[in-house]
Structures are given as structure tokens and as C-alpha cells.
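Novice: For reference, the chains in residue letters:
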Amino acid sequence: MRSILQDLRYALRQLRKSPGFTFTAVAVLALGIGANIAVFTILNGILLRPLPYVQPDRIVTVEFSGGRPYYGMSYANMLQLRDAVGANLQIGAKFDDSMASVVGPGGRFQVEHSQVTSGLLSMLGAQPMLGRSFRDEENEPGRNRVVLLGQDVWRKLYHSDPQIVGKTLTIKERVYTILGVMPRGFSFPFGDDMQIWSPAALGAASRSAMSGDSVIVGDLYARVPEGMTTTQLSAGLSRTQAIIAKEVTNGDDMPTRIAATGYQQSLNQRLRKPLMLLYAVVFGIWALACLNVTSLMLARAVSRTREQAVRAALGASRARLLQQTIVESLLLSGIGSVFGLLLGQSAIKLLWRQIDHNLRELSSAVHLEWRVVACLLALTLVTAVVVGVFPALRAMRRNVQGSLHGVTTTASASQNRTREALVVAQLALTLVFLVGAGLFLRTIHALRQVPLGFSQQNVLTGGIILNAGSHQLEEMEGTAEQKTNIVRTDYLPLLERLRAIPGVQVAGLSSVLPMRAEFAVMIMGTLDHKEAPRGKMPTFDGRLASAGLVEAMGIPMVRGRFFTEDDSSTSPPVVVVNQAFVNKFLPGQDPIGHTFGMGKTGRFAEMRIVGVIGDVKQAKVTDATKPEMYFCLAQTDPGTPLYGIAMAFIQVAIRGAVPADSLRAQFDKALHEVAPDATTTDVKTIHEAVEDSFGSQTLIARLLESFAALALMIASVGLYGLLSFAVAQRTREIGLRLALGAPQANILSLILRRALLLVGVGLTIGGLLAWFAVKFTSGYIYGVQAHDGLTFTAVVLVLAAVSSIAAWLPARRAAAVDPVLALRSE
Amino acid sequence: MIELKNVERSYKTGHTETWVLRRIGLTIKEGEFVTVMGPSGAGKSSLLNVLALLDDGWLGEYWFDETPAHKLNRKQRADLARQRIGMVFQSYHLLDDLTVAENIDLPLSYKNLPAKERQGMVADILDRFQIVAKKDLFPSQLSGGQQQLVGIARAVVHAPALLLADEPTGNLHSTQAREIMELFCELNRAGTTIVQVTHSEENARYGKRILELRDGWLTRDETLAARTTEVSAK
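Those protein sequence lines, which keep their order, are chains S and L.
Here the first sequence is numbered in our numbering, starting from 237 and rising by one per residue.
Here the second sequence is numbered in our numbering, starting from 5 and rising by one per residue.
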């Protein structure tokens, strides 16, 4: 122990003595370890960290699979599935979650209100930290006005009031009794914050209704029973479902297959591949940093040969000498890790907007925790061993007597070859990263060039959430007359106010805006009264829209007209379709005048197509536009088939004569004047929405760009370090050559020739590696070939240019060597 | 051939300036064999570096034949040195990775001579120094004396008018040293002007003139023609 402390002191002194070496090694290790820790922090949060439930790996989502994935599962269906498996299958369901604005001693907050079955929490293995959980009878309509608070709601809304149980909370004009508070860290759906839960109203009708007005659909979760696997559960449930589908009237429509998927897997499935790709990249960056520092340590070992020889001559064993080197590399790696941790966490903070957008609800799990620290410690140790052992072993192979007599004061040819191989490896790896980054840059460029079908200039968009009591499940059966018409009370007045804002040219409303496809409704119906079996009816995206939408979004009209102020609840119902709809359902025909019907009677049994709009990119710029039909918002009254959409969610598009960003405040103000309880969500310019739609591609591109720049820097430092060392080592030789009459240009070319040879070999090997490595980018790149000649050429040129600069500096220094000084050893 | 007028050289270390050559005035005629002597730190090597045109930091006048070296820039001095001066070092300074023939070829390679001509010159010198058999060996395969022989061959391969030698026998035993000094005499007789730095009185006697430096000052300038002849006659 004492010897280690002694070595530590000596190592510190040595590092202080060579600030250039120390700074370079620590900086390179910090960058390598920092990149690794940043991505591991994300990877840990998403893939490794267990969900906050008892035996979380046994909790599964149970969904229909195969065709018709949008087909919701009814509560009656869920109960039948459970009964078929047996009493040992614990299930829980969530039927609705909506945002609500609530008020408490802490102020007004937006909360996510989920309506669930009473057994959901016990299935998850969660118990309130205060109060009690739901009882089965609290799912009965009328007895369900109870609520459990999430820890953060309790803290913020009630200042962590310990006497909270029994108090009441008003949610959407309904009074709920607070039953308790869930423990810290608990969330369901996982990752969301500010959550509250109530039992859904599940009457006798909804317990047995597989279809019709009483049916209630939701998301089913289950705990896989002990002794059973997820696959066995899926198979068992599928068998039961096939029987259920047969027994139900019109059961030929009903999905017959069930898939149980691990809940955590269902949350992180889409992120698994990009995260693994990113981790492979940062692992490469770390390897690059290790190669670089190993190369520096090797050079240092050469200059310390005499010191090692003296120690050996004085009786130091090989193990003792090895220990000293390892302590030094451990110190370097430790300091590098501390800075790396800071860098990694700062990088996450810097990129948080994009990370948060890509990870959505899972982003809450991304933070520094013990697994990240353990990974950091392991990485520190491995780094120390990797960068320390090899140079130490090589140094110990030397001839002590020769070193003491100064016979071997320079590096051996094999050591030079080793260091040169390390530089070649660094250049090759860098080229691979640069090619990856280049392909992603070209992808982002190609994505930005895709015609979107709408204008991105000065358009502000945002969602609106109203907090009217009419959202309640139990009111679904109320009559049209009993309900407030939120289109008249809220949306149309809001539109008036938005249009009156100075600087606003036009404003429109729609349930779904391009690139903001947060909400999708599939519509089925008849075209021109042509009856077809349910499965063969035209099916397409249905959207509500107000007059002014196409002008606000800059969408061109292909034929006919869009909705106008004249389209109202008293005028004949009209719809507008997109070009993709015409291409699919009315090819070669003039769509104007054709009719679409929902139901056999009533106003909506015959809606006339009055216009065709150009196709716009809907959710992703890379996807083909699907058929869509716009229904007139002003004609959507309570009781009409699409009123539910209006109640659920509406989005606003405002085109300004001024930059869209400057309209945010007025949008909020206008909304609060119309509906004080309402809130806006995700307000952003349409340009931001388009950029966000690129999803993980932008994040990966950004990260790859940063990592490639990092790799370029590390490799340049490596080449520079190697050549500087070579120049320092060859000072005597260079001095001699100058003394023998070598012109400076000759010395320059002597150093540069070697450097360019290394760069050439590095680029060739890197090019070959990149040629094979690019296959991992398939699925992420768009509008560019994986083996894109331009990217490869540009990357090779960039790397060659940067390497040349890195080589030029030491070469110039070599040419300026003073022969008198160089030969002074005489 | 060489005329130094008031040549001075100093080095700055921190705030102090150390003078290594003080007002050196010196004339060396063509065909002379001059020995520079003096204790360590007297300025012998510094004087040799000035003469070799390796050093740029001196003051005063240096005339090489009719050429005012003190008025030349670094490149012009390097050109002059390349054409007219050869250097022999105490530690031989052969390049480890080059063969004997390649080491000898090194100064020629910096003169833009055709390869064939260079090969001929190298072959001549190998023959003259009787080291043809060793032409493909590397320095590490030679004895110290042989290495210095190669060093001298390299210094004279381009037939310099002035040969400068800094302690040429400092690392050799006496027999090898004597052979090297005989070689210098032979070269001198053939017309090469030689300036050697040495601590050895015996080696000094091979020359025709002794210069002695002390603390940078030229303190002795003595012609030894008769004694040199006597030594070489032995």
C-alpha cells in the first residue's frame, strides 16, 4: 500500500513535470470516456434501468397483433381473456388518459389523469405511500370519484401535505376524493410526470359489451404468471381470442391474434437499434482515445528508459516497475474520467431538447445513477490497463545495461512501428466515423429537400387542450342537447381572436396538422352509397378542419374549394380529400360531387366532396402520403360521429406576416380569453415540427457529427504527437543532415514523406473498413447511397488535409532544427 | 583562405550572457593543418561551428576566400558550406539505418548531382579508404575506428577545400587514433585545409600550427611545421 502511495506521489510529480503530455492525455481520455458515459447514461435509462414495479420483467402489454393494429380491445374482451387463462393471471387496464388543469394550495398545474381498473396498481406491485389503493367496487359508475396522486403532484399541488387523504380535488368540474399518494419514482404509463389515477367507470353493460354504444376500449397490461413465459402467454391468449372472435357477432372483423410484449421492451423497442449503433460509435471513440494515449505513453516510456534502467539496476522487480506505470496510467485515466463525466453530463444537457424529443416519456429515466457510476469506474480501470500495460511491458523488455550506458537512448524500430501502427489505426477509425457522419449529414440534407406539400415560412402551430367536463367517460351516453358544443363555444371564437391578432394573416384549425401527427383517426364509410363488407370499405385518415387551414399551411388546392365560412351546421355537409385519396379510391375520375357516407341515415350519411388538396407529408417526410379526408369543423356538432375528435384534440396553424415565433404569446393570450382553463401544448413553428419529425436521424446526425469531429481531433493530435516525438527523437540526425548540407526542403520532405505514407495507409484501411461498416447505417440514411462516392471522397480529402496540417507543424519544426544545438551532445 | 576579424559569440542563459568567443582575429591559409586546443569550455567547438558556418549567432567578419560569409543569409551560408566544407565528428554521427555506402553518399545527395556521378564518387572514396568490403554494412557492425573512417570518408567525398574535425579521435583507442591522424596528414598533403579540435598534445603535433583558446580568447598561435614533420616521419 505504501509503495502504491509512493508511486502515486511520483506519478503526480511526473505529470506535473510534463504539462503538455498530461493535458493531451487527460483531454483525449476525457473526450473518449465522456462520449461513452453520455451515451451509456441514455442507454442505461432506456434499456437497462428496471421499471419501478415489482418484478418488472414480468409485466407485459397485451395487444391485438397482425392486421388492424388500431382495433381497440374492449373491456369485455379483456375479462374473457383473463378468465380463459385463469385466476393466476393478474391484469390491469387503462382506458383513458387526458390532461387536466387542477388547482390546489400550490397553484394551478396540468396533470395527466388516467382512468384505470382497480387491479392495475396491485398487478404492478405498487402500493400508495400514503392512504390506500383502489377497491374493486370503485370501478362501479358513481363510486369512482376517487383519485390517487403521484408524488410530484402531491409535492407541488399540496406542498406534501401529510393530511391529504380524504381531501378533495376538482378535475374537469368533478369533485374527487383523494385516496392517497403513490411513492416517489412511481409512474404509469412509465416516465410521465404529474400523474393522477382514478378508477374508470365500468358498468355492467361495459363488462359484457364487445361492440355497440356500451363498449369501452382500453390498453391491457398483465403480469406473466410464475412458471409461464411471455411467448406461452401470447399463445394461450391467441387461442382464446380466436374462439372469442368466432363467437362475437361480426367477429370476422375482430383480430384473432394476441401479442404479449414486455412492457419495458414495448417502451424502448424503437430506440434499441439507434442506441446500440450510437454505443458502437462511442465505443470506437473510446478505443481511438486509448490508441492515442497508448501511443503517447509509448513515446514517454522511451524517454524514460534510463530512469527505468536505474530503478531496475537498484533492485526494482518487473512487477514493481509495472505497478508504477499502471499507477500513472490509472491516475491519468482517473482524471480523464472525472472530466469525462462532467463533459458527458454537459453534452446530455446541451442536447437535451433533442434527446427529450426522441425519447419522449423515457427521457425521465435518463440521469446519473449508480449503474452509470459503476460503468465509469469500470471504464476507468480498463482504460488504465489498456493504455498503461502495453507501454510498460515494452519498456521492461529493454536492455538495462545498454540503457544505463546510453547506447539505446532512442526508440527501437519495432517501437516506432508500433506507434506508427497505432496512428494508422486512429486514422482508419476516424475515417469510418467521418464517413458515418457524412452519410447522416447528406441524409439530413436530403430530408430537407423533400417537397412537403406545404409552406414552412412564418407558420406557428400548437395543440389545444380544453378542460371541459364533457370529456368524462360517463357522459358519453348523454344526449346531444345536454352537451355544450365546444366548437361554437371555444374553437370558432378562438379562430376569430387569432385572426384579429396584428401580424396574423390567416389562421386555421385541424385535428391533425402535417408533421404533428399526434392523433390519428381511421375512418370507414361508403363512397357514393356503394355498400361493401366492413373489411372492404374505404379506410383512410379522418381529420377535422376549419376554413383557412389550407391558406395558413400553404397547401395548394388541386381541384374545387376548401371549407369556407358558409359551411355551417345548417348547410349541407361537405368534405375535402387529398390527391392520394383520389388516386386510391377515385382513380381517373373527377372527385368533385362524389359523396361519402357514415351510417345509413342522418346528415352524415351523405357528404359531398367539394375539393381536393395537394398531398402533404403527414408524419414523416420519408413516408408516402396516405389517403385523407377533411371534415368541416363548423359542421361538427355534439352527437355527430366526429365530435369526439373535436373534444379530444385540436391543433392551430397561424400564418403570420411576422416571424412565427413572435406570435406565441398572443396565441396563449387569445386561448385564455376564450377558455381560461385551456392550455396549449407543444407550441412550435412548422419548421421546428418538420425538424422534429426527422426524429432520431437528427439526433444521430448531430451526435455523429460531434463524434466525428472528436475523432478527427484525436487522430490529428495522435499524428501530430507521433511526428513531434519522431522529430524530437531524430533531432541529432536532422542536425547532422543539416550539417552535411541538407536543404530545409529536404528535411521537410523527409518528415512529411513518412507522415504521408502513414496517412495513406490509414486512409486505405479506413476506407475499406468504412466500406463494410456503412451497412449498419441502412435504415437510418435517406436519399444517399451507403457507398456514396461524394461522401467517401470528401471525407478522405478532409482527413488528408487535416492530417497534412498535423504533419506539417512538426516537419516545419524539424526543418528549423539548429544543427549546433542538435550536435551539442558532442 | 579564411579570415576572421573580431569574431564574437555569446549565449544568453536567463539574465546572464556567457561569452564563448571574444574578439577572435585569425587567418588560415590554404593547405594549412591547424589544431585548436584549450581546456573544456574554452570555445573550441564554438569556433569550429563558426568556421563550419553552422552557427548564425556570431558577430564580426568571416571571409571565406573572397566571400564575405558574414554578409550571407542562412541559405547562402548553407550553400557555401555544402560546396566547400566537410565535417568530422567525435561521435562519428553515422545514421544507424543507412549502410556505409549510403552514409558516404549523404552529402552528395544534397548537391543535386546525377546518381551515376555520385555512385562513382562513393566508389572512389570507398576504394581510397579501403573499405569497399564494408560498403553494405551498417554502422553498428563496425568498430569505432572503422566508423570514424567512414565519417571521414563522408566528410571528404565531395572534395571539400576545408575539413573541420571536432575531437576526431576522442572515442578511439591510440592505434586507431594514430591511423586517423595519418589519414588527415595524407589529406592535407593532397591539398585539403584542415582545422581540428583536440585535447591531445600528440594529435596536435600532426598539425602545422596550434591555436589555443582560453575563456573564449585566442591566447596562442604557434606554427609547428618542423615538429609535425618529425612526428609524421616516425
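Don't take each hint at face value.
Simulated coverage check for chain L against chain S, where a stretch passes if three residues somewhere in it have a Cβ under 8 Å from a Cβ of chain S [unchecked claim]:
1. 51-62
2. 126-139
Counterexamples of contact, computed for chain L against chain S with all Cβ distances above 12 Å [to be verified]:
3. Gly29
4. Thr31
5. Leu98
6. Arg193
No wet-lab data here; the hints were simulated from the structure.
All residues carry an ideal CB built from backbone N, CA and C; glycine is no exception.
Novice: Run every hint past the structure and note whether it holds.
Specialist: Now for the hints, and whether the structure bears them out:
no., hint, result
1, 51-62, "holds (count 4)"
2, 126-139, "violated (count 0)"
3, Gly29, "22 Å, holds"
4, Thr31, "24 Å, holds"
5, Leu98, "9 Å, violated"
6, Arg193, "25 Å, holds"
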